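Asks: These are the residues of each chain, in order.
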Amino acid sequence: MSWFSGIAYILFAPFLGGIIAGLDRKISARLQGRIGPPLFQPFYDVGKLFQKETLVVRQSQHLYMEFFFVLMVFSGAIFFSGGDLLLVIFAFTMAGVFFALGGYKASSPYSFIGAQREVLQMMSYEPAVLLAAVGMYMVTGSFQVAKIIEYPHPLIAQLPGLFLAFFFILPIKFRKSPFDLATSHHAHQELVKGITTEFSGRTLALIEIAHWYEYVFVLGIGYLFFASNVWFGLLMTLVIFELLLVVDNATARVRWQAMLGSAWVVALVAGGLNIIYLMWMKG
Amino acid sequence: MGMLSRSPWVIHYDGSSCNGCDIEVLAALMPRFDVERFGVVNTGNPKHADILLLTGSINEQNKPVVLNIYNQMPEPKVVLAVGICATSGGIFRECYNVLGGVDKVLPVDVYVPGCAVRPESIIDAVVKGVGILEEKRAAFKAAGKA
Chain A
1 MSWFSGIAYI LFAPFLGGII AGLDRKISAR LQGRIGPPLF QPFYDVGKLF
51 QKETLVVRQS QHLYMEFFFV LMVFSGAIFF SGGDLLLVIF AFTMAGVFFA
101 LGGYKASSPY SFIGAQREVL QMMSYEPAVL LAAVGMYMVT GSFQVAKIIE
151 YPHPLIAQLP GLFLAFFFIL PIKFRKSPFD LATSHHAHQE LVKGITTEFS
201 GRTLALIEIA HWYEYVFVLG IGYLFFASNV WFGLLMTLVI FELLLVVDNA
251 TARVRWQAML GSAWVVALVA GGLNIIYLMW MKG
Chain B
1001 MGMLSRSPWV IHYDGSSCNG CDIEVLAALM PRFDVERFGV VNTGNPKHAD
1051 ILLLTGSINE QNKPVVLNIY NQMPEPKVVL AVGICATSGG IFRECYNVLG
1101 GVDKVLPVDV YVPGCAVRPE SIIDAVVKGV GILEEKRAAF KAAGKA
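Residue numbers (the working numbering), protein chains in the order written: chain A, 1 to 283; chain B, 1001 to 1146.
Hints listed in this document are in silico derivations from the structure and should not be mistaken for laboratory results.
Values in this document were obtained by computation on a predicted structure and should not be read as measured data.
Accuracy of the hints is not assured; some may be wrong.
[Unchecked claim] Short, incomplete list of chain B residues facing chain A, as computed with Cβ under 10 Å:
#1 R1006
#2 S1007
#3 P1008
#4 E1094
#5 C1095
#6 L1099
[To be verified] Have a look at the derived ranges for each label pair, beta carbon to beta carbon:
#7 A:V265 x B:P1107: 31 to 37 Å
#8 A:R30 x B:P1107: 34 to 40 Å
#9 A:E242 x B:P1107: 31 to 37 Å
#10 A:V265 x B:P1113: 54 to 60 Å
#11 B:G1020 x A:G33: 21 to 27 Å
#12 B:R1032 x A:F40: 52 to 58 Å
#13 A:F4 x B:P1107: 25 to 31 Å
#14 B:M1030 x A:K147: 37 to 43 Å
#15 A:L235 x B:L1067: 35 to 41 Å
[Unchecked claim] Output of the computed footprint for chain A on chain B, the stretches with three or more beta carbons under 8 Å from beta carbons of chain A:
#16 1013-1027
#17 1056-1063
#18 1120-1129
Glycine residues also receive a C-beta, built at the ideal position from the N, C-alpha and C atoms.
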C-alpha cells in the first residue's frame, strides 16, 4: 500500500497539480471579473514550452533545475508513501536550495535578486513547517506520515496555532500575493520573472512540472491536519486552496522584511504557544 | 490545433508610442476582452515570449533595444506591428530622428493599422500571429533544431 501510493504520486501528481494550477487561474480570473483560460491551460503552456527553443546562458544552470525537479519528486514520493516527515522536509528544503542555486548560476541581475529572495522565502517558511512536524510528533508520537494519518482525531483540534502558522506560509509555497517575491507568476514584472528569467523551453517546462508536484505535496501537508476522515480531509484541503486564492487576489505584495518578520512572528507565537500547550497537556 | 496556438505568450514593447495603442493593448487583457481566454499571457520576459508586440515608431534610440529583445526570444517567434506608427511611422514618419515602422529593423509578420488600434483588431492580430507561429514551428522542426 505505502510504496504503491508513492508511485501513484510520481505518476499522477503532475496531472493533479496541473489541474490545480488551471483551477487557480480560472478561479482567480473569476474573482477579477474575467472569464479566464480553459481549465487545461497549464498543460497547453507546458506542451508549448517543450516545442520551443531552449536558450542557454550556462549549461550547468539546467543541471541545478534538474536536481530541483528530482528532489521535489523524491520528497513528495517519500511523503505519500508514508515515510519520515523530517526526511521529507529536509529533501524539500534541498529542492528549494537547488532552485535558488539555479537562479544564481544563470547570473543575470534579475534571476540573482530572485534567488536571493527565494532564500529569504525559505527562511520564512522553514520554522512554520518544522514546528508543524514537531507538533504532529507530539500529538501522534511519530514522525512517520503513515502513523500520523492513522491518528483517530483531526489534528487541527490540537494544533490550531500550528495550522495558522502553516496557512500563513502557504502563499510563499504557492508563489502568490502577498509573498510572491522570487518568481512573479502574474502581471507583476519588477524582476522580469525572478529566478526563472533566464530559463526557457524545456527547462522552464521542467520547472513548471516541478511546481505542480510541489502544489500536490504542500496541499498534502495541509491534508494531514484533517486526515482522520478522508472526505473531510479532502474537503478541507479544497477549502484551504480556495482561501489561498481569495488571499492572493485581495492582497498586495509586501516587502521581504515584512514577509520574514510576520512569518516568524506567526510561527513562533501561534506555533510556539501551541507547542507549549501540548507540553503542558502532557504534563 | 497545436500547443503553440493555445498558449501564445506576448511581450509588449512601447517604442515611441503616444501610449494610445499601449492602453488599448492593456485593455485587451482587462475583463471586457480578456485575452487570457485564449491562453494569452502578457509576460515581461523576452525569453518566455512567443509574440513580440510593438507599438510606436522606430528611432535611433530604441532600435538597439528592439533588436535586443527580438534576439533574446527563443524560436519560433512572431512580430506584430501594432498601430499606424509601428506599421509605417505614422504622423512621425517625417521626423528627423524617426527611421519609420518596425519593418525597418525586424521582419514583421502582422501589420495592425489604427490610431489608436481597437482591442478587437489586436486580438485579431494575435490570432493571425498564432497561425504564423504554427507555420514557423513546422519550418523550425523541419530544420531539425528542436
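Asks: Would you mind marking each hint as holding or not holding in the structure?
Replies: Each hint tested on the structure:
For R1006 (chain B), the interface hint holds, since its Cβ comes within 10 Å of a Cβ in chain A; the closest pair sits about 4 Å apart. The interface hint given for S1007 (chain B) holds, since its Cβ lies 4 Å from the closest Cβ of chain A, which is under the 10 Å cut-off. Because the beta carbon of P1008 (chain B) sits about 8 Å from the nearest beta carbon in chain A, less than 10 Å, this interface hint is met. Nearest Cβ of chain A to the Cβ of E1094 (chain B): about 34 Å, over the 10 Å cut. The hint is violated.
The restraint placing C1095 (chain B) at the interface with chain A is violated, with a minimum CB-CB distance near 30 Å, outside the 10 Å limit. Among the interface hints, the one on L1099 (chain B) is violated; its C-beta lies about 27 Å from the nearest C-beta in chain A, farther than the 10 Å criterion. For V265 (chain A) paired with P1107 (chain B), a C-beta distance near 55 Å fails the hint of 31 to 37 Å. For R30 (chain A) and P1107 (chain B), the hinted distance range of 34 to 40 Å is satisfied, since their beta carbons lie about 39 Å from each other.
E242 (chain A) and P1107 (chain B) have their C-beta atoms about 46 Å apart, which leaves the hinted 31 to 37 Å range violated. A beta carbon spacing of about 57 Å between V265 (chain A) and P1113 (chain B) agrees with the range 54 to 60 Å that was offered as a hint. Distance hint check: the CB atoms of G1020 (chain B) and G33 (chain A) are about 24 Å apart, consistent with the given range 21 to 27 Å. R1032 (chain B) and F40 (chain A) have their C-beta atoms about 24 Å apart, which leaves the hinted 52 to 58 Å range violated.
Checked against the given bound of 25 to 31 Å, the beta carbons of F4 (chain A) and P1107 (chain B), roughly 54 Å apart, lie outside it. Separated by about 51 Å at the C-beta atoms, M1030 (chain B) and K147 (chain A) break the suggested range of 37 to 43 Å. At about 54 Å, the beta-carbon gap between L235 (chain A) and L1067 (chain B) misses the expected band of 35 to 41 Å. Residue count for the segment 1013-1027 of chain B with a Cβ under 8 Å from a Cβ of chain A: 0. That is fewer than the three needed, and the coverage hint is violated.
With 0 residues bearing a CB less than 8 Å from a CB of chain A, the segment 1056-1063 of chain B misses the requirement of three and the coverage assertion fails. With 0 residues having a beta carbon nearer than 8 Å to a beta carbon of chain A, the segment 1120-1129 of chain B misses the requirement of three or more and the stated coverage is violated.
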